[in-house]
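So the protein lines, in turn, are chains B and E. In terms of the working numbering, the first sequence opens at residue 936 and continues consecutively. In terms of the working numbering, the second sequence opens at residue 936 and continues consecutively.
Incorrect hints may appear among the rest.
A pair counts as met if it fits within one copy or between any two copies, since identical chains are not told apart.
What the hints assert, rightly or not - Below, a list of computed lysine to aspartate or glutamate pairs in the EDC-like style, where the Cα atoms sit at most 16 angstroms apart:
#1 K1300 x E1325
#2 K948 x E1467
#3 K1165 x E1432
#4 K1357 x E1462
#5 K1455 x E940
Don't read these hints as lab results, they were simulated from the structure.
There are 2 protein chains.
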Amino acid sequence: MASLEQYLNSTEKGKSLFEGEIRKLKTPVCKVFLKAGKITPVDFKASGLAVKSKDALKVKEKFPHLIVKNGDKILIAAAKKTKEKIKNKRVAVLFSGGPAAGGHNVVAGIFDILGADNTLFGIKAGPKGLIKGDLFEIKPEDIKRIKNTGGFDYLGSDRTKIKTPEQFEAVKKTCRDNKLDALVVVGGDDSNTNAAFLAEYLAEHIKEDGSGVQVLGVPKTIDGDLQIGKNLPISFGFDTATKVFAEMVGNILQDTPSSRKYWHFIKLMGRAASHVALEVALQTKPAVALISEEIAEKNMSLNQIIENIARVVIERARNGKNYGVVVVPEGIIEFIPEMTKMLKELNKAVAEHENELENKDLAEKRDILSSALAADNMTLFSSLPEYIQEMMLFDRDAHGNLQVSQIPTERLLIDMVKKHIKKEAPEVKFATLNHFFGYEGRCGVPSLFDAAYTYNLGLAAGALALAGKTGYMASFTGLNQGGKILAIPLAALLNVEVRHGKDEMVIEKALVELDSPAFKYFIKNRERWAKEDLFNSPGPRQLWGPSANQMPITVALNQGYKGLEFKI
Amino acid sequence: MASLEQYLNSTEKGKSLFEGEIRKLKTPVCKVFLKAGKITPVDFKASGLAVKSKDALKVKEKFPHLIVKNGDKILIAAAKKTKEKIKNKRVAVLFSGGPAAGGHNVVAGIFDILGADNTLFGIKAGPKGLIKGDLFEIKPEDIKRIKNTGGFDYLGSDRTKIKTPEQFEAVKKTCRDNKLDALVVVGGDDSNTNAAFLAEYLAEHIKEDGSGVQVLGVPKTIDGDLQIGKNLPISFGFDTATKVFAEMVGNILQDTPSSRKYWHFIKLMGRAASHVALEVALQTKPAVALISEEIAEKNMSLNQIIENIARVVIERARNGKNYGVVVVPEGIIEFIPEMTKMLKELNKAVAEHENELENKDLAEKRDILSSALAADNMTLFSSLPEYIQEMMLFDRDAHGNLQVSQIPTERLLIDMVKKHIKKEAPEVKFATLNHFFGYEGRCGVPSLFDAAYTYNLGLAAGALALAGKTGYMASFTGLNQGGKILAIPLAALLNVEVRHGKDEMVIEKALVELDSPAFKYFIKNRERWAKEDLFNSPGPRQLWGPSANQMPITVALNQGYKGLEFKI
C-alpha cells in the first residue's frame, strides 16, 4: 500500500501519468523553420496577399509609422538567405484576456526559436504586469514543465486595456527598464487591437539608439472570432474548447435515446459569434442548433425561434422521440433584432421612470411601462417569462444598462417552448434539463491540433522578433499540406466601429458568414438531423491513436481542405 | 470540397473517425475464459468466500429456493472440466435504471460466450419491456456496431420496479412465450435486489419440464454505490463517469490560477454516496472536497461546513490565491444530521399548518412555523438563504415531502459562505461560479477500464447462464493481476431496511467508509491541497497511448493494489 500512496503523492501538482506523458509529445514543426532538423530563424518576404480595411484612410492617419512601414501587405516566412546569427535580443511575452488551450506552447515556440543567444521574459498577469514591469526570465526547465499543458497559469493573464497616456508611458518605461527589443501579445481581437496601438506608440525613440520596440500579436480565443479567411484559419484554443464541448454534447446526445426522457438545452460559451456553436453542431449533429448570425440576418423574432424549436420537438415526439438536444450560442439574445430594439427602449424607459417603478410589483411596473414602450416592444416584453421580466428591470450595470450576458437564455428558451407546446400540442411530453459549458473548455490540455498550431505560432512570433518586424500578427495557414507561416499587418486590420457611443479603431470580430461553406453545409443537413437520430458522440480528444490529428470541421470546410486531418 | 462533405455525411450516426476506431479496439479477456485463444464457457466452483447478511434468517424465509440452492457462498470461475457443449439456450438481457458506460460491452460479452449454438435476446426499454414481452434477437452485426460504444441506446432502459403480483405474472408469461432459459439484469442495487426476487419467483415450474428460469445480475451504476469490498471492486460506469468529471474539474482547476478570479463550486452526480466526489477529489486534488459520509459520521452542522470552506477561502486569499475549487457530492443535504432533523419536523409542520401558510409571505410563514418548530430547527431554517426557505416550503412531492434532490446545494453553499466571509473577512474577494456535472458522465464512450471490465462481466453473466446458475451477480476482481471471475449469491446480499415506513429486503447502498484506505489517504493529504496549488488536470480519458490503462484511484487503494494500472 505504501508504494501506491507514495506514487500518488509524487504525481501531485501536474505530474499525473497523463500530464507527464503529454509533456513528452513531439509537436510537428512547419518545415520552413527546419534546417538540418534544427529549429532556425526565417526571413519574411512579400506574399502577394494583402489585407483590406474599409477605413484605410482613417487608419493611415492614426498609424503613420506602421502604415508606412508595413502597409497592407501580408508577409510570408521563407528560409533564411544569410547565415548571420541574431544575438542578445530581449523579447517579452504576455497573455491577455481569457485563457485558451495552447498558450504555453506559444511561449515554448518563441523560446525555442530565440535559442540560447537571446532572452525571453515572461510578463506576469497580462497587460497589468506590462504596465507594472512585472517580468521574469524564462528558463529551459520552465519550458520543459509547461510544454503541451493547458492553462495560462505559467504567466497568468488579465483584461486590462492599455488606453490612457499614463499607461502607454508606463509600458515605455517597462521596455526601457528591461531593455526590451520586442513584445509579444497573445490575445483576442481587442488585445491585438491594443498590440497595434502599442506597436505604433513604440515605433521609434524608445531605445537609446533611437529605435523602437517591436510589438507582435498572436491570435488567441476559444470563441473563434479572430479569423481572417484564408489568411488566418482560426484563433488558437478554439479547437480544444470545441472538442471539450463536443464531447460533453455528444455524451448527452448518446444519453437521450438511452434514457428516452429529456430534452437538453445546452448553452455554449463563445461571446457574440456562433463559431463555437456551429463547430459543435457539425461535430455532434443535434436536433437543433441555433446560429445567432442567421437569426439576425433573417430578422427572426423570438417567437419564430420558439416555434421552430417547438416544431422539431413535436415532430420528434410524433415519431416516438421524446428527447433531443438544442445547442444555444452564448450571445444569441443580442442577435434577435426585435429584442435589441425592445431592450434599447426599455433601458430608456427604466431610466426615465426610475422613481415610479420603485417598490412596485411586476404587474404595476408593466402598467407603468406600457405607456412608455411602443406596442410591439411591450408585447414582446410581456411575452417573456416573469423572472426574465424581473431580471430585465433589475439586473443593471453601473450605466443603467441591462447585463444581457446574465440572462439565462437556455432557461428562457425552455420556458417559452414549454408554453408553446402546452398550447399547440398538450399531449407532447417535454421534460428538460439545461447546461452551460464554458470554463471547462478554456484550460484543458491542448488538442494535438492546438498544441501544434500554437507551437508554430510561437515560432512565427519569435521569428518576427528576430527579423526586426513590428506591428504584425503571426498566422499559420495551409494546414492540410505542411503549412505556411504568414505575418499579417495589424494596423491594416483595423476598422472604425462605434463602441460606447464613440468611433473606435478595432479589429472587427469575425462572425459566422452565412455564405461560408461550413454554414452552408450545416443548413443543408440540419433538417435531417432534426428528424432522425444521426448524431455523433465524437468522444474525448485523443493525444495518441488514429483519431488524434483532427482539425475543426468548420476550419476544414471554410479553408477548402479535402479532409479533417492536419498535416504539418 | 465535395469530397469532404461526402466524408462528413458518411460519418453521421456514430461513424466519426473516433467512433469507428473504438469499435475495433480489442478488449482484454480474463484468461479463465480462454482456451487456445478462443472464448470458452467455464465451470463455477466454491471459492471459500462468503457473503454476510445481518438478516440471514429473515432472508432465508423469503428466499427458500435461492438460499437452499446457493446459500451465502461466493463461486469462482474455473476452466471447464468436461467437453460437453451447451446448445439451444435462450438468454435475454435488459438494462435497468440510469445509463452507465460499458452496458453495450456487457451485451457483447454475453453474446460472445453464448456463441452460435445459443440465442441472445435484447429486452427493449428495461423492466417495462420484460413485462410487456418486448424482445428481439441480437445479431452479430449488432454486436459489431455497439462494441465499446457508450450509452444504453441499443436496448434502452427504464426505472420500472417489478413489485406487484401482476407484474411478476407478466414476467413469467414473457419467459414462457419466448421459451427463455435465463434473464440477465444489468442494473444497480435496486435492480439487483429486483433480480434476486425474480430469481426466487422464477426458480421452478416455469418451463414445461418443471424447471425454472435463471436470473443473473450485473453490477452497474456510475454512483459506485454497488461494491462489496474485495469481492466486487466497483460497479461498471463509475470509472468512465469519474474520468469525465475529473477532466472537467481538472480543466477548471487549471483555469483558476490562469484567470485568478473565481471560486468554482462543482456539484457531482452520484446519489447518496460520495464515491464519485472522493474519486474525483483524489484525481484532481481541489482545495475543498466535501464527503457526505464524514459529515454524517462527525455530526457536522451546516454552519461547521460553511466555516470550514470559508476558512480555506480566507487562508488562500491571504496567500494571494483568490481562487479555488470546491467539490460537492449530490446527496450532501441528507447527510447533515441537523438538516435531516429539521426537515422532518418541517415536513410535519407544513402539513399541519397547510391552510394557515397559504397566501402568506415568507416572514409571516416563518412566524407561523416558529411556534411549530423546535428552537434549534427554527434557527437553522432561518439561517438558510430565503430562496431556499421558499423552496423548502413549496417544492413538495405528491406525499407532501420536500424534494431534497432539487435543492441547489452548490448555490446554497456559495451564498452561505459569501455571507460568512462578508462578516469575518470583508476584505477577501470571493467571486464564484457553480457547475453541476452528471448527465455528461453516463453515456460517454467507456474508458478502457470500463470497456474491459464490462466485457468480462458480460462473459461471466453468459457463463453463469450456460452453467445453469441462478440468483448470482457477476463480479470481476484481482484486476491488477489477470483477474478472477466471481459469482455472488444475490439473496445473501439482502438486508432488511426501512423504506417509506416499511421493512424491505434490499441490497444496501455501499457508502464511503471512513476507515477505507481511499478515504484515509484523502484526509491525510487534503489540508496540503487546501493551502497550495497541488492540483492535477488528469486530462481527457485516453483510449490509446501510455495513460490509457488506469483504473479508479479509490479502487486501487481500497483493493490494496500497488499501482493504478489494470492488468487483465
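Consistency of the hints with the structure:
no. : hint          : in the structure
1   : K1300 x E1325 : within (10 angstroms within a copy, 23 angstroms between copies)
2   : K948 x E1467  : between (45 angstroms within a copy, 9 angstroms between copies)
3   : K1165 x E1432 : neither (23 angstroms within a copy, 67 angstroms between copies)
4   : K1357 x E1462 : neither (23 angstroms within a copy, 52 angstroms between copies)
5   : K1455 x E940  : between (54 angstroms within a copy, 11 angstroms between copies)
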